[in-house]
Structure formats: C-alpha cells, structure tokens
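Peer 1: In order, the protein sequence lines correspond to chains A and B.
Take 1 as the starting number for the first sequence in our numbering and just add one per residue.
Take 1001 as the starting number for the second sequence in our numbering and just add one per residue.
Calculated from the structure, these hints are not laboratory results.
Keep in mind that the hints are not guaranteed to be accurate.
No farther apart than 25 Å at their CA atoms in a straight line, the calculated lysine to aspartate or glutamate pairs in the DMTMM-like style are these [what the hints assert, rightly or not]:
1) B:Lys1016 with A:Glu215
2) B:Lys1016 with A:Glu163
3) B:Lys1016 with A:Glu209
4) A:Lys190 with A:Asp123
5) A:Lys190 with A:Asp162
6) A:Lys225 with A:Asp162
7) B:Lys1016 with A:Glu230
In silico negatives: residues of chain B with every beta carbon more than 10 Å from chain A [claimed, not checked]:
8) Ala1108
9) Leu1205
10) Val1210
11) Val1211
12) Ile1217
13) Thr1224
14) Asp1227
15) Glu1228
16) Ser1230
Ideal placement from N, C-alpha and C gives every residue a C-beta, glycine not left out.
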Amino acid sequence: MLSSIELGSVGWLKKGLLKLMTRTLVIANQKGGIGKSTTAANIGRALTEQGYQVLLIDLDPQGGLSAALGVDSYDVQLGSHIFLLHDSAPIYRVSQRIGDNLFLMPASLHLTVAEIQLARRTDAVIRLRDALERQPPPVDFIIMDTPPTLGILTANGLVAADELIIPVQCQYLAMRGVRTMIQAMQRLQKNVNPSLQLLGVLATLYQAESLHSQEALGEMRSVFKQRMFETVLAYDDIMAEAPVAGKSIIDYAPTHPAAHAYRALATEIINRGN
Amino acid sequence: MAENDFQRASMRGLGKKILLGDESAESVESAAPIPESTPDDPAVLKLTADEELDLLATVSASMSTAPLHATPKQQALPPSELDMPPLANLAGETLPLTDDLQSLVADAYETAKQVASIDTEAIPPLEDESASFVVLNPTDVELPSEVAALVGENFETWDESVPPTPIHEPTPSPVEPPKSEPQSPPAASPPVPAERNELSHMLPLIAGWVVAILVLIYQLIKDTRRDEESEE
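Use the sequences and the hints to build the structure in full.
Peer 2: Following this line, the structure appears as structure tokens:
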C-alpha cells in the first residue's frame, strides 16, 4: 500500500509538478474480451521494468485488471469505487502495492452500485479527474482500465486521461466498435476534456495464420497509419493462463513472445510521449 | 481436403467503412450481398388462401368507402346553409351520445331551425334610417344642389385640366428580346388626386391673401415709424 508519507503530505507545488510529470492513459473500447485488462496489466508491468512508477486504476466492476494481478475483486473493500464516491478518501488507502514501482487501485463489484450513485450527481463524469487533481499520485504513469461499455465509469476514465489507447481485436465485429469509441472521444474532447488525445490503436488477438485476421490488421493500418502501434499482440493461451497465476505475463513467462511484445509496446508508449 | 461450400467474405478495402463509417468507402453490402427473400424465408409474410381472400375483401371494402379523388379540406367543411342531418341520425347507432349531449344537440338544432325560418323581408325598416346608410351605390346618393354643383364643376375642370394620359405602346425593336418571361404591361401614370385640382383653383385666392397681409404689415411698420418720428 502506498504510504501516507509518499502521497498524503504533498504540497500544492509538488502537486503541480507531479501533474506535469505524470502521464495519464486510459485503455478503452466498448467491445468486451479484446484484451483491455491484460494490456493494462502488462503495459504497467513493462513500464516498471524500465524504471517507471505506475499506478493502475481498475474501473471495470468485473475486476479483470485486478484479477490479472492477483487481486480478487470479490474481496476488495477499498478500491476505485471508494475513490470515486468519497472526496476525502485518501488515494494511498484505496491503492495497493503490487510490485516494485507498481501500484493498483483495484475494482470491486461495488463499482456497479457506485455507477448508479454517480448517475445522480451532476459531476458524475469528472469525479475521477477531480480526485486525481486533488491527490496526484507520485507516479510517472497512471493507466486506467475501463469496462466494456460507454457508461459513466468509462467516461470517468476518458475525462481523467490525457491519452487514449484503443485496443481492437483483429476481427470484423470488433473493428466496427472503433467508430463509436472515436466519436465518444471527440465528444469528450469538445465538451469536457480537450486535452484527450488518441495515443494509438492497438491490434490485439491477432492470429497470424488467419486470413481474416491479416485482412483486419491490414485495413486498420491503412486507415490509422501512424496512429496504429507497430506492436501487434498475437493471440496466445498465455494470456489466459497468466491471470490464473495472478501474475502479469512478464512475471509469469518473462521470455515468452507475448512478454516481449508488451515490452515493445511499453517502449512505443514512452517514445510517443516524448 | 474438402472444398469450402461458401464464398469467403473479404474485408479488403473496407477498413474505412468498418472503422470510421465513411460512406465514401466501398459498401459492405457489395462484398457480402444480401440474398433475396425466398418463399421459404421465414421473414416473408405467408398467407393462406382464406387469409388472402379476407385481405382482398378488406382492401376492396376500404377502397369503396374511400373517396375516389382527394378533395380539399375546405370542401369537407359543413355548408353554410342549415342542412343538418336529422337528429335521429346523430343520436343513432353511429354516434353514441349521452342523454345530456343529446338534449344539447336537439336544442341547438331547434334554435338553428328557428333562425333559418326568419323572413328577413318582413323586418320593417328603421324610422330614422338615413338613405346614405341604406344605399350602397354612391351614385344614387342625392346631394344638396350647391354641393352637387361644386362637385360637378370640379369634375368638369378636372376633365379639362388634366391632359390625356399618353398610351405607352411598345415600340417594335429590331431585335426581339427573349420571351423567357412575360412582359408586364406598362405602368399607367398615377391619377392626380382631386385635392391637387382644388388647390390649383385656390392659388390666386391664397396669393391675394398673402399680398394683402404683406401690405398690412408694410402699412403697420410705416405707421410705427411715423409715430416714432413724430415723438422725436
């Protein structure tokens, strides 16, 4: 758990500096099962390998990101739902240390209730942004995982973030959702969060032997061009196995091609920010 | 290896349409055409012979009751004459009215009938009715002799003083303009109002009055000066 010395005693000047130093990323796509949580967990872990401090925030009531890192969302009492609902909730109390330089604000099923309660508030979609501005965590990266919907929780992530990563499964039906995601981003850019930028579109669950998958990747690259990450995340059973162990792929199988792919992706993210 | 029994649907070239919804991109339908409906398609409405007959009967009945031609809404308005249908029809099977409403309709109908039966010719004229109120044709109005003389004189003068309005006839031009738009007739010169005619007659009178006033003023100034000189 983050210590109160680390986060609780920061002054205004330090807050401002932290805000400038921290890159806030959100991983979002309303399509489910395309690797959002796995990507969030492994990007975070890969960044810490390169010496960065990372806070992962799980905004999905299903708790996929939390589970991928060994935190059972059914047992979570202090998590993102508390941070969203209570102004005075200290960020270090609702976050956990997962590894060296890696922190997690886990999700619980209570997030579903929190979303309903947020819906009654006028500041529903800016709660997370305000909370992070009040208590900026002393990290280099904040990475948020969102539920597979375009509801209040996802909107909170999109409003709090500066950069958006859209993972897209290399498949026709998954590709159809990208349009909605980009439109949502544009609406938020215009109305709530002008600083939100598309960091990149990430091809996931790619199957090299599949002609359909090849075509999907080709079409995405032809449309998004330099906005597509060069890294392509191939489908592999390792992505399903690692969460069983409660570990990131980088910790579970450090030499696996998937682990290397996430390291390469982390490097791309770093470079795109420079 | 067995051959596929389907034609593979390709996404090639459709990325923009799929990802961004760009209409300019080739449509998805062209790659995967929608098959035409067949009689076995559950989406196609299938009717039995009896159902078809029922449907035909319904359609023909509705066509016979419907007007052959669409009529303007104004024609659907009730005529101004009192040709209300008999009350029995109003209160019969077609209009289920309550007792109160029936009596109200009956009263209104009776009142309307009474109003319609009034003989307007039998109404005596008002005793002090002026002819000017009754006679609408101004030429029939009898004017006092002096007024009539004045009016007649003015009209005569008008006829003499006003030159005849020149008739603008279009002169034929060597090159005829294109007949795309119908030419509007030449605008007639505006008639001179009768007040202007009256003023022209009064001008000498007004001039006389002005001269007389000036003479009076001159005389008044002259007298004043003379008085001043005598005082000195």
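Peer 1: Evaluate each hint against the coordinates.
Peer 2: Verification of the hints:
{"no.": "1", "hint": "B:Lys1016 with A:Glu215", "result": "13 Å, holds"}
{"no.": "2", "hint": "B:Lys1016 with A:Glu163", "result": "23 Å, holds"}
{"no.": "3", "hint": "B:Lys1016 with A:Glu209", "result": "24 Å, holds"}
{"no.": "4", "hint": "A:Lys190 with A:Asp123", "result": "17 Å, holds"}
{"no.": "5", "hint": "A:Lys190 with A:Asp162", "result": "14 Å, holds"}
{"no.": "6", "hint": "A:Lys225 with A:Asp162", "result": "21 Å, holds"}
{"no.": "7", "hint": "B:Lys1016 with A:Glu230", "result": "19 Å, holds"}
{"no.": "8", "hint": "Ala1108", "result": "56 Å, holds"}
{"no.": "9", "hint": "Leu1205", "result": "80 Å, holds"}
{"no.": "10", "hint": "Val1210", "result": "78 Å, holds"}
{"no.": "11", "hint": "Val1211", "result": "83 Å, holds"}
{"no.": "12", "hint": "Ile1217", "result": "82 Å, holds"}
{"no.": "13", "hint": "Thr1224", "result": "87 Å, holds"}
{"no.": "14", "hint": "Asp1227", "result": "93 Å, holds"}
{"no.": "15", "hint": "Glu1228", "result": "91 Å, holds"}
{"no.": "16", "hint": "Ser1230", "result": "98 Å, holds"}
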